[in-house]
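Protein chains: 2
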Amino acid sequence: MLGRLNHVAIAVPDLAAASAVYRDTLGAKLSKPQALPDHGVTVVFVDLGNTKVELLEPLDAASPISGFLAKNPAGGMHHLCYEVDDILAARDRLKAKGARVLGDGEPKIGAHGKPVLFLHPKDFAGTLVELEQA
Amino acid sequence: MLGRLNHVAIAVPDLAAASAVYRDTLGAKLSKPQALPDHGVTVVFVDLGNTKVELLEPLDAASPISGFLAKNPAGGMHHLCYEVDDILAARDRLKAKGARVLGDGEPKIGAHGKPVLFLHPKDFAGTLVELEQA
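For the protein sequence lines, the chains are A and B, in the order given.
Here the first sequence stands for residues 1 to 134, numbered as in full-length UniProt numbering.
Here the second sequence stands for residues 1 to 134, numbered as in full-length UniProt numbering.
What the hints contain is simulated information worked out from the structure, not anything from laboratory work.
Check the hints yourself; a few may be wrong.
Identical copies go unnamed one by one, so any copy, or any two together, can satisfy a pair.
[Said to hold, decoys possible] Straight-line alpha carbon distances no greater than 30 Å define the calculated DSS-like cross-link-like pairs of lysine-lysine that follow:
#1 K71 / K122
#2 K71 / K108
#3 K71 / K32
These numbers were taken from a predicted model, which means no experiment stands behind them.
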């Protein structure tokens, strides 16, 4: 069922500073910052060739990553996003296996315009997992 | 400078349980567990097609991931490993940019038999970064 790693999301308190680290210190290729008001974040994509890192900065205190940054003020890895072919089939399989899908269990449109679901970190080795229909 | 994402390492308290989650719940392809006494861990590789997740369980209390698990008993994302072509050139560039290389700054032979270095999480958006010469 599990497909490619779509991205690793890193929550950061200062997107300009984190972008400078990836661009200037590590020499990576970066996108321009994109504000995604529906998701409460501004994002910069780091192109790694085989996958990407997404640097996420909260748009405001109500952002889904604000709580994480309150606990991790320097930033840190926030979630992993895996691709699946069929998100409804994936959800039903996960629920049948006893894994918890966050929210109401219905896919939402994610930051890439595709259906996504988030899974409970306690059921996945302490890691917040996003599934995205590829 | 920055190449592909070689792996995402997830530290886990129970490798058999985490493997079952990735194999049975998520339907991923897994390697057999390999004990790496030089690194203080037993590892299972999760094949994602474009990159991999490494599930790491400490071999004993002296393992480099034991402290992390004491703070994160359910497990969690431990580090990201990026590939570079030339690890000494990468190190020199990073030091010139003011980034801190952990340990004595000399590459060690990593879990894949290749030279690696670890970088200080505080200099990389709260993320422990491993560089591996590809």
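To see whether the hints hold, each was checked on the structure:
Proximity of K71 to K122 under the C-alpha cut-off of 30 Å is found in both arrangements, the shortest distances being 17 Å within a copy and 15 Å between copies. Only within a single protomer do K71 and K108 lie at most 30 Å apart by alpha-carbon distance; the minimum there is 26 Å, versus 32 Å between protomers. Proximity of K71 to K32 under the C-alpha cut-off of 30 Å is restricted to the intra-copy arrangement: shortest distance 27 Å within a copy versus 35 Å between copies.
This entry satisfies every hint, going by the numbered hints stated previously.
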